[in-house]
Amino acid sequence: MDKAAEVETEMSTNHFFHMQNICKDYLMGEEVSHILKNVNLSIKEGEYLSVLGPSGSGKSTLMNIIGCLDVPTSGNYILQGRTVEDLTSGELADLRSREIGFIFQNSQLLPRLTAIRNVELPLIYAGVRPKERRRRATAMLERVGLADRLYHYPNQLSGGQQQRVAIARALVGNPSILLADEPTGALDQKTGKQIMELFQTINDDGRTILMITHDMNIAAHAHRVVHIIDGVLTEGGGTGDA
Amino acid sequence: MLKSIRSTFIMIHECITMSISNIWGNKVRSFLTVLGILIGVTAVIALITTVSGVSSSITSSFTSLGAGTVSVSITGSDLKSGLTRDDLKTLTELREVDGITPTVSLRAQVTCSGETESNVNVSGKSSYYFHLNEDIVTHGRELNFIDEDNSSFVCLVSDEMVSTFFFAVNPVGATLYINGTPFTVVGRFKEDSSSGIASIFSGKSNIFIPYTTALKMNNSSLVTSFTVYMSEGVTSSQVSSALEAALDPMFSYEEDTYTITTMDSIEDTMETMTGMMATLLGGIASIALVVGGIGIMNMMLTTVTERTVEIGLKKALGAKPWQIQVQFLIESFMLSLIGGIAGVILGLLLSLILSEVIGSTFVVSGGAIALGVGFSAAVGILFGWAPARKASRLNPIDALRSM
Numbered sequence: 001m002d003k004a005a006e007v008e009t010e011m012s013t014n015h016f017f018h019m020q021n022i023c024k025d026y027l028m029g030e031e032v033s034h035i036l037k038n039v040n041l042s043i044k045e046g047e048y049l050s051v052l053g054p055s056g057s058g059k060s061t062l063m064n065i066i067g068c069l070d071v072p073t074s075g076n077y078i079l080q081g082r083t084v085e086d087l088t089s090g091e092l093a094d095l096r097s098r099e100i101g102f103i104f105q106n107s108q109l110l111p112r113l114t115a116i117r118n119v120e121l122p123l124i125y126a127g128v129r130p131k132e133r134r135r136r137a138t139a140m141l142e143r144v145g146l147a148d149r150l151y152h153y154p155n156q157l158s159g160g161q162q163q164r165v166a167i168a169r170a171l172v173g174n175p176s177i178l179l180a181d182e183p184t185g186a187l188d189q190k191t192g193k194q195i196m197e198l199f200q201t202i203n204d205d206g207r208t209i210l211m212i213t214h215d216m217n218i219a220a221h222a223h224r225v226v227h228i229i230d231g232v233l234t235e236g237g238g239t240g241d242a
Numbered sequence: 001m002l003k004s005i006r007s008t009f010i011m012i013h014e015c016i017t018m019s020i021s022n023i024w025g026n027k028v029r030s031f032l033t034v035l036g037i038l039i040g041v042t043a044v045i046a047l048i049t050t051v052s053g054v055s056s057s058i059t060s061s062f063t064s065l066g067a068g069t070v071s072v073s074i075t076g077s078d079l080k081s082g083l084t085r086d087d088l089k090t091l092t093e094l095r096e097v098d099g100i101t102p103t104v105s106l107r108a109q110v111t112c113s114g115e116t117e118s119n120v121n122v123s124g125k126s127s128y129y130f131h132l133n134e135d136i137v138t139h140g141r142e143l144n145f146i147d148e149d150n151s152s153f154v155c156l157v158s159d160e161m162v163s164t165f166f167f168a169v170n171p172v173g174a175t176l177y178i179n180g181t182p183f184t185v186v187g188r189f190k191e192d193s194s195s196g197i198a199s200i201f202s203g204k205s206n207i208f209i210p211y212t213t214a215l216k217m218n219n220s221s222l223v224t225s226f227t228v229y230m231s232e233g234v235t236s237s238q239v240s241s242a243l244e245a246a247l248d249p250m251f252s253y254e255e256d257t258y259t260i261t262t263m264d265s266i267e268d269t270m271e272t273m274t275g276m277m278a279t280l281l282g283g284i285a286s287i288a289l290v291v292g293g294i295g296i297m298n299m300m301l302t303t304v305t306e307r308t309v310e311i312g313l314k315k316a317l318g319a320k321p322w323q324i325q326v327q328f329l330i331e332s333f334m335l336s337l338i339g340g341i342a343g344v345i346l347g348l349l350l351s352l353i354l355s356e357v358i359g360s361t362f363v364v365s366g367g368a369i370a371l372g373v374g375f376s377a378a379v380g381i382l383f384g385w386a387p388a389r390k391a392s393r394l395n396p397i398d399a400l401r402s403m
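Line by line, the protein sequences give chains A and B.
For the first sequence, position 26 matches number 26 in this note's numbering, and the numbering has no gaps at all.
For the second sequence, position 251 matches number 251 in this note's numbering, and the numbering has no gaps at all.
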């Protein structure tokens, strides 16, 4: 309770994450299709939120906009006090590098790099020295329980281990928010559960997590669930009403 | 500022490492791509090195042949078509001139003891010629200034003539008929190896007679072509101007009456010619480089398409567009640099073999190496630019969607 109150006061002074009337249109041939329709979403620092929606509901587009990979057609998006739609592609890259950690469905590790080199990748673009890079990547892989797999190549790791490497990679740059797109989509139930446990401990450390999924059971791990259907976002209120 | 330079350096270092692993990871394709550049650079290096080796061989043999000499050829005016003996004496007395050997040659029918040989090269020589080539006479005596003054009918014969007419018997004292005129053989000479520029163009001579006698046999008393030997420590331009000052009054200051050819001008012409040849061949060879560059561009474009996901992922992880562009530029740069360096080594090896075969000198030209490496690096950047730009402009979402 104490912690929540603290977050609340911080939120009021500084918009950590705030979306207002976000619309995203795509031109499909002659027709304009509205992928996102007036989305309003705010996240408090330290929150664990999941966006639940079927495929084609616009949830990936939403994640791309949240992740600063894409800019909205209209609306307002403020991340860490910066208005995202005004930024250049270079500034967006900078923001991604400092504020956002991505986790994809298929872990997306570079096959020619070892686990530790994959984890080091974001630090390279952030200009961190090799020694420091190695230290932080090692620490992060230890954190996700892969201390003995540092120099394995992705194809020498199991699906769950690959996803852990991807999580380590997402966290190594110390981002303010972790964005996960179907993080358990390619995993079996048991491994998926382990990953969800890992997410919980990460959130316990105070890291903000936004997870996108079509699976209610997975979404239920989050503390707050919002629904997205046909580009319209609705607050789901409680969890577990599946 | 310092931090951004440092991070750029870190980035570039990583790019080089990644490029090497990418190039190595696609060994066969990389090799085939590099092959184009390799062949181009090899051709450029081999051609330039060989041509410059050949030209330096030619130049050095020219220089050794004609060192310290100037050739003069007289066209003459209507009144005076050549130089008299007195004119030559005047020229010889110039401070800049050490001596003069007139070039008077004729083709003659030579008869001796029943044998007849036509089209024999007979050269008129001055006594100064023997002063220059002291070792040339192996038997008998040289032609001296008395022979010259008297236009004596005496001659020297070459080793070849000796074997033709005298069956290797010492010919001194024998009589030889040149165009029916009897000459007394006074000596024998070995084939001259260095008789100035003139001999290169007129071929070798088998019989030497006093030049005054030769003039007479040509029904002329005037010399139209001669070689001037320079005094020590005098430059060819000094000799030229001294000769001009002396020749002008002899032809009443009429224009276009004589031509002075110095070794310098011949060397200049040679250099221009070989330089043009090198440029031409280098130009043809560099077409191969351009073709190689297109090969690299093709491979890089394929690579960018293949690695769309990687590019999108790196962008999601915070890579800036310029960082992606630099990564691909470095990769194409490395590819063509590898080709360039291998091409330089191969080209030098090839031209070493060529120089052995042709018998020219092998000169490693630093310029050619710099050109080969520089050109290939430039090709890498030039042809890598468009694919790298394409990669950097790839929309990260489109890139990730294709996964």
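Read the hints as simulated data drawn from the structure, not as lab findings.
Take the hints with a grain of salt, since some may be wrong.
Across the chosen pairs, the derived CB separations fall in these ranges [what the hints assert, rightly or not]:
1. B:Ile284 - A:Ser74: 35 to 45 Å
2. B:Ser4 - A:Arg82: 45 to 55 Å
3. B:Gly25 - A:Gly159: 18 to 28 Å
4. B:Arg6 - A:Thr201: 29 to 39 Å
5. A:Asn106 - B:Ile284: 48 to 58 Å
6. B:Ser4 - A:Gly29: 35 to 45 Å
7. A:Leu113 - B:Ser60: 25 to 35 Å
8. B:Arg6 - A:Glu197: 23 to 33 Å
9. B:Gly275 - A:Arg98: 56 to 66 Å
10. A:Ser74 - B:Ser4: 49 to 59 Å
11. B:Ala378 - A:Tyr26: 34 to 44 Å
12. B:Arg6 - A:His18: 51 to 61 Å
13. A:Gln80 - B:Ala378: 17 to 27 Å
Computed footprint of chain B on chain A; a stretch qualifies when at least three of its residues, placed anywhere within it, have a C-beta under 8 Å from a C-beta of chain B [claimed, not checked]:
14. 66-73
15. 88-95
16. 190-204
A virtual CB, placed ideally from N, CA and C, is assigned to each residue, including glycine.
Q | Hint check against the structure, violated hint numbers in rising order | A | 1, 2, 7, 8, 10, 12, 13, 16
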